[in-house]
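Top to bottom, those sequences are chains A and B. With the numbering used here, you'll find the first sequence wraps up at 272, consecutive numbering, no jumps. With the numbering used here, you'll find the second sequence wraps up at 423, consecutive numbering, no jumps.
In case anyone wonders, no lab produced these hints; they're calculated from the structure. Careful: at least some of the hints might be erroneous.
What the hints assert, rightly or not - Subject to a maximum C-alpha distance of 20 Å in a straight line, what follows is the list of computed SDA-like cross-link-like pairs (lysine to any residue): (1) A:K243 to B:L255; (2) A:K102 to A:G85; (3) A:K238 to B:Y248; (4) A:K243 to B:T33; (5) A:K243 to B:Y262; (6) A:K269 to B:L255; (7) A:K269 to B:Y88; (8) A:K238 to B:A257; (9) A:K238 to B:Y262; (10) B:K229 to A:A125; (11) A:K117 to A:A105; (12) A:K238 to B:T33; (13) A:K243 to B:Y248.
Said to hold, decoys possible - Partial pick of chain B residues on the chain A-facing surface, computed with a CB cut under 7 Å: (14) N87; (15) K244; (16) F247; (17) V253; (18) Y273; (19) Y354.
Where is the CB? At the ideal position from N, CA and C, for every residue including glycine.
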Amino acid sequence: MRLNKTALGLALGLMASTALVSAASAQETTNTTRLHPKDVAFSFEGPFGTYDRGALQRGFQVYKEVCAACHSAQHLAFHNLMEAGGPEFSEAQARALAASVKVPAGPDDKGNTTDEKGNPLMRPATLADHFPSPFPNEEAARANNGGALPPDLSMIVKAREGGAEYVYSILTGFHMTPPKGFKVIDGKYYNPYFEGWNISMPPPLANNSVTYSDGTKATIDQEAHDVVTFLAWASEPKMEERKRVGMGVLVFLIALAGMLFAAYRRVWKDQH
Amino acid sequence: MSGPSTYNPKSGFEKWIDTRLPLPRLLHDTVHTFPTPRNLNIWYTFGGILTFCLGVQIVTGIVLAMHYVANAGLAFDSVEAIMRDVNYGWLIRYIHSNGASMFFLAVYIHMFRGLYYGSYKAPRELIWIIGVLIYLLMMATAFFGYVLPWGQMSFWGATVITNLFSAIPVVGGHIATWLWGDFAVGDATLNRFFSLHYLLPFIIAGVVGLHIWALHVPGNNNPLGIDVKSPQDTVPFHPYYTVKDAFYLVLFVILFAVFVFYAPNFFGNPDNYQPANPLVTPPDIVPEWYLLPFYAMLRSIPSKLMGVIVMAGAIVTLVFIPWLDTSRVRSCRFRPLMKQFFWGLLVCCILLGYCGSQSVDAAAFGIIPLVWVARLATIYYFAFFYLIMPIVGLIETPRKLPASIAQSVLGDTAAASSSLPAE
């Protein structure tokens, strides 16, 4: 018994001292831990949530006119823009959007891959093409962005802890005064929602970065909210179908469970 | 309980089959008339649920393999193509990825149920040991499967786990290289893991056959942990347990469906939606939740080799449980002392899981370092099997066992008047 108490005391003492040491070191190193993302309401939250069609179309505009200058979205194809559950542009609109960008073409019928001036052959994109990337390779992307690689945006909402709210917080987390004693690294920007608080991306959005055709006022918050809705769809393009099918499946399963329960009670009636 | 067969072929065709390949007889005796204790509770439905889980994983897995490309340069994109371009690919993949978690949820309930009711005790030692083997195969299969999407956590998880073998003195490094097929986790590793991920489920299915075969010799244990003594103690498997298992299976599938349709990435890690990058190590490499308790044990021990030994030991220990338990009584219902230690073990396993999910230097409430919580829980885990089990079995006074299952369920009079179940 006595031995037990001694051992317990020793264990507790050890735990306490280790805790103090780790707490002290934690204070020095974790002060640039990213802030918890802002709490923002999105149309696609909850079991019945769907993507706001207007926000998706506006968000695509923000992506196309702002983000796409540096970020790729390789997993998106132009035909996705006209599919159910997405921005649902008309087929004509989606074709026009595709045709407005050039993608590398294959060899022509003489086997040439470049024109007379030596430029690679290009052709207008079709519905089947994926979104072209702004840089030909990672090295070019880094060289144009101060050494940092702008991540692909196809799955950015799913690939970050905090999801849509995290991306929204990053986009709206600039233009704040850093706390005294915090040094913003040269060529980087202060953003406390980003781990380490130094982010390589310059503030991407400003008021009126885009002009919305539906008359919505293009504030930073509005643009961020729209583009995050678009990026959430890009991550989970089948979300609306998933929730719809899920509801049918659950209704069926609950009815089946009810019938099986009745059968179970009936079969076992004489056994208790 | 696997007494003489009661199959009685009626038509000439059935007789013809029965004398050549008595498959109908096997089915009749194992799923129809098989005498099953009448007092099995909800926790006994997980055997059937697990068979269902295995079937779901195999069927969805075969479809996924039709679209998946096991190549380090293409794997990540091929999974994303399944999610976006394959008809209902998102559904099949989410069923498969969440199915792994549901499979482990069910197997943990199944194992703790066996532990609580003493289902590993004579004459069921082999059922238990075969079960441990299935669990081991499941862990290997799940690990290989988690590597296949070739995201950041796939790659780094594979790196951490395969590197454990390098802790073995002298030959460790060679073993790791041999496992990788390269000098690091890469394309060769991905290919062989895919091959094994496709192979192992069929081996599991075979071993599950042995598990059920072994079960059908002594028959089911039951919550009272006493033997079946007369036909009154049992009911035929069909319809009594087919309908009960079906009902609870559907409840389980409802839970499964809630995850698949409404929180499909709940068990996942966001990092695995970033393509594998050997040059960028994620800040915290975390395995899937079902491996976290072992991961916590591994990390709580400063020496890598000792950590690996402890982690492997935690699994190997399970094999010896039938002989570590010295009690004459099976079920914890009648073991007041053991019951408390059992819940202690469950709490420790959950604590270990929590510790494994947090970063190495994390502390609970800001003051209790989790590494120490994990150490204490690890000590309890081993103490439970090697000290508590043998000692408590000897010093504990079990409560009085009921005379029979029928008496316990139906009361004295009903048991005496013998109401045989309708067959």
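Going through the hints against the structure:
1. A:K243 to B:L255: 15 Å, holds
2. A:K102 to A:G85: 26 Å, violated
3. A:K238 to B:Y248: Between K238 of chain A and Y248 of chain B the Cα gap is close to 30 Å, so the pair fails against 20 Å, i.e. violated.
4. A:K243 to B:T33: 42 Å, violated
5. A:K243 to B:Y262: Measuring from Cα to Cα gives roughly 7 Å; hence the hint holds.
6. A:K269 to B:L255: 27 Å, violated
7. A:K269 to B:Y88: This hinted pair is violated, its Cα atoms lying about 42 Å apart.
8. A:K238 to B:A257: OK: K238 of chain A and A257 of chain B at ~16 Å, within 20 Å.
9. A:K238 to B:Y262: Roughly 12 Å separates the two Cα atoms, so the pair holds.
10. B:K229 to A:A125: Judged against 20 Å, a Cα distance of about 77 Å means the pair is violated.
11. A:K117 to A:A105: Between K117 of chain A and A105 of chain A the Cα gap is close to 16 Å, so the pair holds against 20 Å.
12. A:K238 to B:T33: The given pair, whose Cα atoms are some 46 Å apart, is violated under the 20 Å limit.
13. A:K243 to B:Y248: Violated - the C-alpha atoms of Y248 of chain B and K243 of chain A are around 24 Å apart, more than 20 Å.
14. N87: At about 11 Å, which exceeds the 7 Å cut-off, the nearest Cβ of chain A leaves the hint on N87 of chain B violated.
15. K244: 6 Å, holds
16. F247: 4 Å, holds
17. V253: 6 Å, holds
18. Y273: 4 Å, holds
19. Y354: 16 Å, violated
Violation of the numbered hints given earlier is confined to hints 2, 3, 4, 6, 7, 10, 12, 13, 14, 19; the remaining hints are satisfied by the structure.
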